[in-house]
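S.K.: The residues making up each chain are set out below.
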Amino acid sequence: GDSVTQMEGPVTLSEEAFLTINCTYTATGYPSLFWYVQYPGEGLQLLLKATKADDKGSNKGFEATYRKETTSFHLEKGSVQVSDSAVYFCALPFNSGGYQKVTFGTGTKLQVIP
Amino acid sequence: NAGVTQTPKFQVLKTGQSMTLQCAQDMNHEYMSWYRQDPGMGLRLIHYSVGAGITDQGEVPNGYNVSRSTTEDFPLRLLSAAPSQTSVYFCASKSTQARITEAFFGQGTRLTVV
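Protein chains in written order, with our numbering: chain S, 374 to 487; chain Y, -18 to 95.
These are calculated hints, taken from the structure and not from any lab test.
Quantities reported herein were computed from a predicted structural model and do not represent experimental measurements.
Please note that the accuracy of each hint is not assured.
Below 30 angstroms or equal to it, Euclidean Cα-Cα: the simulated DSS-like pairs (lysine-lysine) are [said to hold, decoys possible]:
1) K(-10)/Y - K433/S
2) K425/S - K482/S
3) K474/S - K425/S
4) K441/S - K425/S
5) K482/S - K429/S
6) K474/S - K433/S
7) K474/S - K429/S
8) K(-10)/Y - K482/S
9) K(-10)/Y - K474/S
Derived Cβ-Cβ restraints for the label pairs, each shown as a range [as the list claims (entries may be wrong)]:
10) S452/S - S61/Y: 46 to 52 angstroms
11) G(-16)/Y - Q484/S: 24 to 30 angstroms
12) G382/S - K(-10)/Y: 21 to 27 angstroms
13) R440/S - G32/Y: 31 to 37 angstroms
14) G451/S - Q3/Y: 39 to 45 angstroms
15) S61/Y - P413/S: 30 to 36 angstroms
Note that the Cβ used here is the ideal one computed from N, Cα and C, for glycine as well.
So that you can see chain Y by itself, here it is in the shape it has in the complex (with noise of 0.2 angstroms):
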């Protein structure tokens, strides 16, 4: 039963390097989520989507983009990665199909840009 699974769990990247972050459920759960989380901040929403086809911007979307082409995966591409950037990123999923359901998290990305 593996949840929502991340890779990579670690990176090191060169400031202006691209990359993607991968994000994968197999409980067939409808939305999906990325958050970053820093030091005294908590978890600020990045972008999330409620089905496939559909993305929408969370409260720090600048510099990340998303698309979800199938229910299972939920990428998130930093385009040209800046110091800023380094946090630790959290894919979470959810059901939409109950009134109330909880959230489910990956174990979660570290990234450090140089």
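Excised from the complex, chain S in its bound form (with noise of 0.2 angstroms):
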């Protein structure tokens, strides 16, 4: 079945350091594809979003591209602030039984430190 895959955690990086967190995919068709992120204690909340291969989501200075042909969605940044400390899943949704619904990955925590 449809599915994501990501980078095990967790990824401790100092400020203004450069920060990839890959995701793969496995989907049947051309997906969308999601990156969220979860701020201690707080729900999930969308970070970026690519519709289609090649498109680019960017949001807070985070982007991530659809690359079709290694079926990934590797979420980046330039330079991480201790504010981006969170949880950043990358998500997939599919269609089943005639219902969209989303697949998340495990989860990838990122600690900042100054």
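Taking the hints as your guide, dock the two standalone chains into a single complex.
M.R.: Laid out in structure tokens, this is it:
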């Protein structure tokens, strides 16, 4: 079935370091892809999305490019801040039984230290 | 603009007790779902609903019941709590009117079963 696989965490970076969190997917067709972020003590919220191949989603300095040839949607940020410390989830919407559902990766915890 | 509201935020239960986690959304979303979040396992779908009167099981439904009598509310019932149900529970809702839509999450309920 449709699924996403993302890199294990936790990831610890110093402030202003470059961030990459890997996400690959398995799906039939050409799905949309999402990144969600979960700040401490909160629910998930959409960070960015891409709806077709070669699309680049971006928000709050984060970017992710939908690459069909490598079935990937890696999350990147050029210079992380302490406030970016959170858990990041790659997500894949898919259709099942006539309804749209979402499958999530296991989450990658990012800790940014000053 | 409340979005998705979950109550309570924290709960401690004794083994064998029952309780209901409440979820309400004010966005007129057709689709609502319950997830549990456990370390290293990401989000796992418990039950979902595509509209009032329609519910179905997700990946991990055992020990939980749901009902959807209105569009706004989607309570999750633990029939006889077990320590294995210690987790953080999230309710989410989304519209099904567009091809691809994001899910909106509540802030979560942290449940401990002793």
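S.K.: Holds or violated: are the alpha carbons of K474/S and K429/S at most 30 angstroms from each other?
M.R.: holds, 22 angstroms
S.K.: For K441/S and K425/S, compute the direct alpha-carbon distance and say whether it is at most 30 angstroms.
M.R.: holds, 9 angstroms
S.K.: For the pair we were handed, K425/S and K482/S, check the Cα-Cα distance against 30 angstroms.
M.R.: With a Cα-Cα distance of about 27 angstroms, the restraint between K425/S and K482/S holds, given a limit of 30 angstroms.
S.K.: Hint check: K(-10)/Y vs K474/S, CA-CA at most 30 angstroms. Holds or violated?
M.R.: holds, 25 angstroms
S.K.: So the hint says 39 to 45 angstroms: do the beta-carbon atoms of G451/S and Q3/Y match that?
M.R.: holds, 41 angstroms
S.K.: Does the Cβ pair R440/S, G32/Y satisfy 31 to 37 angstroms?
M.R.: Given about 36 angstroms between the Cβ atoms, the range holds.
S.K.: Given the hint of 21 to 27 angstroms, check if G382/S and K(-10)/Y actually sit that far apart at their C-beta atoms.
M.R.: holds, 25 angstroms
S.K.: Below or equal to 30 angstroms on CA atoms is what counts here, so check K474/S against K433/S.
M.R.: Holds, at about 26 angstroms.
S.K.: Would you check the hint for K(-10)/Y and K482/S, treating anything up to 30 angstroms between C-alpha atoms as holding?
M.R.: holds, 22 angstroms
S.K.: Given the proposed pairing of K474/S with K425/S, does the C-alpha separation stay at or below 30 angstroms?
M.R.: With Cα atoms ~18 angstroms apart, K474/S and K425/S stay inside 30 angstroms; holds.
S.K.: Range first: 24 to 30 angstroms. Now tell me if the beta carbons of G(-16)/Y and Q484/S are that far apart.
M.R.: Because 27 angstroms falls inside the window, the suggested range holds.
S.K.: Please work out if K(-10)/Y and K433/S have their alpha carbons no farther apart than 30 angstroms.
M.R.: holds, 28 angstroms
Hint violations for this structure: none, all hints satisfied.
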